[in-house]
Amino acid sequence: NAGVTQTPKFQVLKTGQSMTLQCAQDMNHEYMSWYRQDPGMGLRLIHYSVGAGITDQGEVPNGYNVSRSTTEDFPLRLLSAAPSQTSVYFCASSYAYRPGVGTGELFFGEGSRLTVL
Amino acid sequence: QQPVQSPQAVILREGEDAVINCSSSKALYSVHWYRQKHGEAPVFLMILLKGGEQKGHEKISASFNEKKQQSSLYLTASQLSYSGTYFCGTERSGGSNYKLTFGKGTLLTVNP
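Protein chains in written order, with the numbering used here: chain A, 1 to 117; chain B, 1001 to 1112.
Calculated from the structure, these hints are not laboratory results. Among the clues, some could well be false.
[As the list claims (entries may be wrong)] With a Cα cut of at most 20 Å, we get these calculated SDA-like pairs of lysine to any residue: (1) B:K1099 / A:T115; (2) B:K1037 / A:T5; (3) B:K1099 / A:D56; (4) B:K1037 / B:E1014; (5) B:K1059 / B:V1010.
All values reported here derive from a predicted model rather than from experimental measurement.
All chains should be built: construct the whole structure from the sequences, respecting the hints.
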């Protein structure tokens, strides 16, 4: 069981470039989310998905796109990278909370550290 | 709106106790607690549901005061392995654990 796998782990971009952060989970979780983590800011939600074909915006969605064509994959696209997008990005997945079945905990990937010059 | 965590940082000696607080201005359905070690992903500790019982994990326990929209994390007889940043994540309605709102974190350092 790999859990949540993110690639790449490190990436350096120039301003204006585009790229995709990949996220895959093998736990058959309905829910998947992308968070960014900046020093002193905690984790902030970018986009989330409650199932294949369904996505929605979180707190800080500007400059990012997502899609969910399969249950397993939830890629995050940076359309035109800006220095303000320098951050550590975490993908997370979870079951829908059901009493007596699951705790609703989030399982996080190892993170992708992105630097935009 | 982000929940507010306090304190921002705490330094302990091994064996000492600590309390980390998390408060929200909005009505909450649940509070999650996570611990993150430097350079690693956050790891789930426990979840407290509205109307639920106090939860425990090893020597770490937590409570949820629904009337005050506050949760507290209790670390007793701290160990070196407890060092890390603790985050609370809040859920405003049932079944929305896919969009937690996290606090800014509390850095806990446990020294020998």
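Cross-check of the supplied hints:
no. : hint              : verdict
1   : B:K1099 / A:T115  : violated (25 Å)
2   : B:K1037 / A:T5    : holds (18 Å)
3   : B:K1099 / A:D56   : holds (10 Å)
4   : B:K1037 / B:E1014 : holds (17 Å)
5   : B:K1059 / B:V1010 : holds (18 Å)
When the structure is compared with the earlier hints, a violation turns up for hint 1 alone.
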